[in-house]
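Engineer: Sequence:
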Amino acid sequence: MYSQVILVSLLAAVAQARFGQEQVPIPAIAAVNGGSPGEAPTIAGAAVSDLLAAANPCVKLKRGDQILAELGTGADSIAAAKGIVAAEQNFNPFTFSNPAICTDPSLPANPILRGIIPLIDPAVNGSAAVNALSKKTLTTPLNADGKSIADLLKENGFTDFRGIANDGSGPVVSGDPVGASSTTKAAAPPAASTTAVQNVAQPTATDSGAVDYGLCNPNMDFVAGRPGRKPDESTFLPIDPLTKQGQQDALNPNIITNRICDQLTNVCQSNQAAKDRCRSCQAQIQALGTRDASTAVAWNDCVDNGVQIVSVAVSDTPASTAAPAVSSVVNVVAASSDAGCAVTQVISIVTVTVNGGATNVAVATPAPVSNANTASGSNVQTFTGDLGAPPVPVQNVGGARPFVVNGDSFVNFSAACQRSCAVQHNACANAANAGGNKAFSVGDCGNQENECDKNCSNGAAARRQKRFIRVYRKRV
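Under mature numbering (1 follows the signal peptide of the UniProt record, and there is no 0), residues -17 to -1, 1 to 459 are what the sequence shown spells out, in order.
Derived by calculation from the structure, the hints in this document are not laboratory data. Hints may contain errors.
As the list claims (entries may be wrong) - Mimicking DSS-like on lysine-lysine, the simulated pairs with C-alpha atoms at most 27 Å apart in a straight line are: (1) 130 x 118; (2) 213 x 227; (3) 119 x 130; (4) 137 x 119; (5) 213 x 45; (6) 45 x 137; (7) 437 x 227; (8) 227 x 258; (9) 45 x 118; (10) 137 x 258; (11) 130 x 258; (12) 45 x 119; (13) 118 x 137; (14) 45 x 130; (15) 137 x 227.
All chains, full assembly: derive it from the sequences and hints.
Structural biologist: Have a look at this one:
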């Protein structure tokens, strides 16, 4: 028994030294007086692995249940069980940018442990508020009826995590390992290969109705060289200042799409149609699985115009191990009109070469329902900064969606103005990255965007347009 206690103490010391966590609950578990002789140290030794980065976050919740079931419900046992449930689980910052959280609503099963939320690494945005709440839940747990710990964190405004189910699957995947090594093994020629061709289809009925994003712009961008990133490393981030406040950029678009959809409820004052569209687009982006510039384009088309994202599978049976390659993409535009109403249809013809043979796949794309407004009007964007790109006009054309930026219409001036700033920022960032430009950096472009955003909120034009909206709505 003494050797087990010594071993547990060493393991706890190693855990503390390796992970830098302020409180590791292993010694408290080992010190519980209940259970059979040596049982508490045995459970404590096993619990060390529950806090490792690779562990399923649901395991430590089951460990809390095990402590109460096998060591009893004495004060020391309850404290130890609560400690493992609330403990901060390590994650590898070289692989992921956020912690893993259990999504199983049945865990922990013991009612004594329900409603306790875990500590989060202090390096994660928003962790301070969560950690303060975590300490409170040790004595005043949250209402967890039918809810997982992931649900409780979302309800309290924290969404920067990877949700992992009890079986190890997860709806939120934070990204492929950065710099992970790989090995290549010789293999027999595959039986078949499939090339996924991205395209769009007409929106479903759930996208119908007036979509109003309120105070926010739901778009995101994919930009290289953000602060703290390598010059050639591109990441996703919301373009709207209100939406991205406190949010770090991410390699994984699903982190950003989730943030945008959450903010529609939290701060944007969006209507239900906008929230429904956002969640639909979020699921489609997750299913798409891409992490490049096309992902941001697909997302923006989906949230702006209700354009669905689908994959068309093209299969063939190769004669060798040669990888299929897309050789060309041709877009053909066919226009027709009926009673003065023009309908534009885009047909994408994708030529896929598989082991020397070509397969043409034509996919028709019906024109999506659009919020676009191409009418002309007076430019109410008063920002004059022109670093890397000129200011982008915001046209006031009147009507229910009076503000237009590059053909997209908005109800609110602030959202339209911020879109203008974001479009200018993207053009500036592209110019900063082009040809090794040394005159200015992407960071300088970001500073310009911040100044542009301030002008959207505080400038004289902004105040006039806000008054215009109030008067117009009263008249309507």
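Engineer: Look at each hint and say if it fits the structure.
Structural biologist: Cross-check of the supplied hints:
Distance hint between residue 130 and residue 118 is fulfilled; the C-alpha atoms sit about 19 Å from each other, no more than 27 Å. Only pairs whose Cα atoms come within 27 Å are accepted, and residue 213 paired with residue 227 is accepted, the gap being roughly 21 Å. For the hint pairing residue 119 with residue 130, the CA-to-CA distance comes to about 18 Å; that is within 27 Å, so the pair holds. Restraint check: the Cα-Cα separation between residue 137 and residue 119 comes to about 17 Å, which is no more than 27 Å; the hinted pair holds.
Restraint check for residue 213 and residue 45: not satisfied, since their Cα atoms lie roughly 40 Å apart, outside the 27 Å limit. Distance restraint check for residue 45 and residue 137: the Cα-Cα separation of roughly 21 Å lies within the 27 Å cut-off, and the hinted pair is therefore satisfied. A C-alpha spacing of about 15 Å is found between residue 437 and residue 227, which places the hinted pair at or below 27 Å, so the restraint holds. With a C-alpha separation of about 17 Å, the suggested pair residue 227 and residue 258 falls inside the 27 Å cut-off, and the hint holds.
Among the hinted pairs, residue 45 with residue 118 is consistent with the structure: their alpha-carbon atoms are about 20 Å apart, no more than 27 Å. The suggested pairing of residue 137 with residue 258 holds, with an alpha-carbon distance near 16 Å, which does not exceed 27 Å. With a C-alpha separation of about 21 Å, the suggested pairing of residue 130 with residue 258 holds against the 27 Å cut-off. A hinted pair counts as satisfied when its Cα atoms are at most 27 Å apart, and residue 45 with residue 119 qualifies at roughly 21 Å.
Our distance criterion of 27 Å between C-alpha atoms is met by residue 118 and residue 137, whose separation comes to about 17 Å. The hinted pair formed by residue 45 and residue 130 meets the criterion: a straight-line CA distance of about 16 Å does not exceed 27 Å. For the hint pairing residue 137 with residue 227, the CA-to-CA distance comes to about 16 Å; that is within 27 Å, so the pair holds.
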